[in-house]
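Just so you know, the protein sequences line up as chains V and W, in that order. The opening residue of the first sequence carries number 0 in numbering that gives the first Met the number 0; numbering runs sequentially from there. The opening residue of the second sequence carries number 0 in numbering that gives the first Met the number 0; numbering runs sequentially from there.
Calculated directly from the structure, the hints in this document are not laboratory data. It is possible that some hints are incorrect.
Here are some of the chain W residues that sit facing chain V, going by a computed Cβ distance under 7 angstroms [as the list claims (entries may be wrong)]:
(1) Q15
(2) Y136
(3) C139
(4) A381
(5) E384
One-sided excerpt, in silico: chain V residues whose CB lies under 8 angstroms from chain W [as the list claims (entries may be wrong)]:
(6) N2
(7) Y28
(8) G65
(9) P69
(10) F87
(11) G123
(12) T131
(13) S135
(14) V136
(15) T137
(16) G147
(17) E150
(18) G153
(19) L158
(20) V164
Even for Gly, the Cβ is constructed at its ideal location relative to N, Cα and C.
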Amino acid sequence: MSNKKVTGKVWKFGSDINTDLVIPNFAIYMKREEQPQHCFVANRPGWVDEVQPGDILIAGTNFGVGSGRPIGDVFVDLGVAAVVAESFNGLGLRNCVNAGLASLPCKGVLDLFDEGDIAEVDWGTGEVRNLTKGTSVTGQALPQDIQGIVEEGGVMAKLRKEGFVT
Amino acid sequence: MGMNAIEKILAKRSGQAIVKPGDVVVVDVDTAVSFDAGKPFIKKIHNPDMLVLLHDHMVPAPTLDAANGAKSMREFAAKFNVKNYFPVGRHGISHVLVAEEGLALPGNILVNGDSHTCSSGALNCLARGMGPSEMTYIMCKGKTWYIVGPTTKVVLEGDLPEGVYPRDVIHYLAGQHGDFAGRNLEWYGPGLEKIGMDGRLTMATISAELSVDFSLFPYDKVLADYLDGRAKRPFEPSFPDDDAEYEQVITINLSELEPQVVLPNKVAWNSKPISEVVGKRVDQAFIGSCANGRLSDFKIAADIVRGKKVAEGTRFIITPGSQDVMRRAVKAGYVETLLEAGAVVTNSTCGACYGGHMGLLADGEVCITASTRNFKGRMGSASAEIYMGSPATVAASAIAGVITDPRTVQKVEELA
């Protein structure tokens with residue numbers, strides 16, 4: 000039994016979900032606690048009021064394309080339990096992992112779910128199950144060392160523990 | 000099987016004989032670039048000499064928060080005695096500045112808290128953007144990790160026709176091949192030999208919009224000449240092995256290209272030949288950013304607007320990539336020509352490109368831009384539409400007030 004298994008309700012997004020949608024330009028310099036309420040305001044206004052802690056984001060290709068904006072922090076603060084996408088932009092993936100957010104590239108995941116289905120994501124092995132429909136697909140789990148960053152709660156937690164930052 | 004130029008840098012800096020796609024490598028970082036605000040929470044730093052600190056997005060400070068951020072950067076630079084700190088007055092957009100200052104070097108590994116860091120790939124420097132927490136990690140530890148991605152070799156053949164620019168080449172690649180998420184590009188071919196450093200830096204910068212991890216250009220005569228007398232340290236360029244492995248080879252015949260415009264909201268799979276979009280009315284035309292804020296971009300714009308006026312109802316804003324670009328553009332007379340045409344020439348900053356300051360778009364407005372991104376809401380209102388084109392396309396459109404093919408504009412010297 001993997002301890003890297005999360006179960007939650009699915010929110011479905013398309014391809015090319017970019018950083019400017021997650022953190023709009025007017026919110027870049029806001030305090031971290033103020034940023035999440037503006038997530039997806041341009042493409043899906045009202046979503047932040049509906050998403051619940053433990054929910055899972057399913058997205059298409061090229062997730063997180065764009066800037067260095069710390070999108071992972073926003074999703075963690077909104078309580079998102081995992082992001083599973085057909086493919087990730089490299090920087091978007093790093094920003095999710097570095098925030099301690101379970102992340103999984105997984106081809107075929109978009110077709111596996113309808114919004115509102117219940118997903119079980121094992122980001123340790125890559126297995127993704129649709130518990131509502133009884134179907135599954137296997138993604139490409141991140142290398143162990145990188146899963147380790149998620150397990151430690153992200154890079155800032157690690158640096159704090161090691162005394163590098165206050 | 001041999002390694003390509005990207006894999007060879009990763010192998011060398013991770014202390015391994017061979018790396019291949021799928022490997023995870025931990026590498027020593029040569030240079031870490033950070034902007035606009037200090038990190039007062041850092042107690043220990045790995046090596047202050049690897050840092051480059053500067054001001055670009057919010058300069059001169061347009062808000063009180065930005066002013067306090069800039070102050071914290073000055074304090075951070077002083078606290079750790081950072082040599083390569085560029086205060087306001089010697090400022091520039093980070094990617095423009097590190098190239099000009101000879102701080103992004105062949106065979107090196109460079110990181111920066113901004114996503115367009117792959118810009119320095121034009122200098123044969125393995126460079127990518129990082130998020131804020133990871134920049135903190137690298138400043139503290141001097142190391143980072145990469146998953147080695149598969150690499151596409153792009154071979155350029157032929158010559159760019161009149162009115163077609165490096166910016167059009169990278170738009171064409173995005174339109175024909177979409178995104179390269181988790182992958183790399185290496186650029187070669189006889190067509191590249193005639194593309195100068197400004198053009199290469201444009202293509203490397205916009206590679207970020209194709210979602211690449213790295214976009215690496217060769218160390219050739221053009222690059223060697225650029226670095227001569229400029230490089231701040233000795234360096235070892237990276238060349239691919241003769242039997243280097245590539246995921247695919249894409250050949251582009253430059254002589255067959257026409258200007259390419261990217262339509263609003265995303266870059267991958269979203270470019271059109273300009274003939275399909277001419278005539279679209281524009282409220283704002285913008286040239287600037289780490290993609291197109293260099294001297295040759297000023298020259299292109301000045302040559303097009305010379306003796307003409309910006310269309311009524313259209314704003315034309317041009318922003319240099321650095322103080323040095325500004326100084327040289329003034330000296331060459333480009334700034335005067337632009338001002339006479341009714342353009343606004345701003346201070347060097349990331350400014351309008353990211354919707355920060357100095358040129359935001361109002362609700363429902365249309366912009367044609369030679370900057371980095373066309374995302375919804377990127378440059379201001381979420382209901383504004385952002386088209387992207389070469390600096391020539393932007394300048395021609397500013398004069399006409401509608402998206403215009405620069406090949407159809409008669410230049411003043413041609414009329415004389």
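Here is how each hint holds up against the structure:
The beta carbon of W/Q15 is not positioned within 7 angstroms of any beta carbon in chain V (closest approach about 15 angstroms), and the interface hint is therefore violated. With its C-beta approaching chain V no nearer than about 5 angstroms, W/Y136 sits inside the 7 angstroms limit, and its interface hint holds. With 7 angstroms as the threshold, the beta carbon of W/C139 comes within range of chain V, its nearest partner Cβ sitting at about 4 angstroms, so the hint holds. Interface hint status for W/A381: upheld, as the beta-carbon distance to the closest one in chain V is roughly 4 angstroms, under 7 angstroms.
For the restraint placing W/E384 at the interface with chain V, the shortest Cβ-Cβ distance is roughly 13 angstroms, beyond the 7 angstroms limit, so the hint is violated. Against a cut-off of 8 angstroms between C-beta atoms, the interface hint on V/N2 is violated, since the closest Cβ of chain W lies about 21 angstroms away. Because the closest C-beta pair between V/Y28 and chain W is about 5 angstroms apart, less than 8 angstroms, the hint holds. The interface hint given for V/G65 is met, as the beta carbon of that residue sits about 6 angstroms from the closest beta carbon of chain W, less than 8 angstroms.
Checking V/P69 against chain W: minimum C-beta separation of about 5 angstroms stays under 8 angstroms; hint holds. For V/F87, the interface hint holds, the least distance from its beta-carbon to any beta-carbon of chain W being 6 angstroms, beneath 8 angstroms. For V/G123, the suggested interface contact is broken, since its CB lies about 16 angstroms from the closest CB of chain W, more than 8 angstroms. Interface hint at V/T131: violated, since its Cβ lies 28 angstroms from the closest Cβ of chain W, which is beyond the 8 angstroms cut-off.
A least Cβ separation of about 23 angstroms between V/S135 and chain W goes past the 8 angstroms threshold, and the interface hint is therefore violated. With a cut of 8 angstroms, the hint placing V/V136 at the interface with chain W is violated, because the nearest CB-to-CB distance is about 18 angstroms. Taking 8 angstroms as the C-beta cut-off, the interface hint given for V/T137 is violated, the closest approach to chain W being about 16 angstroms. Interface hint at V/G147: violated, since its Cβ lies 10 angstroms from the closest Cβ of chain W, which is beyond the 8 angstroms cut-off.
Interface restraint check for V/E150: the shortest CB-CB distance to chain W comes to about 15 angstroms, outside 8 angstroms, so the restraint is violated. About 7 angstroms separates the beta-carbon of V/G153 from the nearest beta-carbon of chain W, less than 8 angstroms, and the hint is met. Because the closest C-beta pair between V/L158 and chain W is about 6 angstroms apart, less than 8 angstroms, the hint holds. A cut of 8 angstroms between beta carbons decides the hint on V/V164: the least distance to chain W is about 5 angstroms, and the hint holds.
Of the hints listed earlier, those the structure fails to meet are numbers 1, 5, 6, 11, 12, 13, 14, 15, 16, 17, in rising order.
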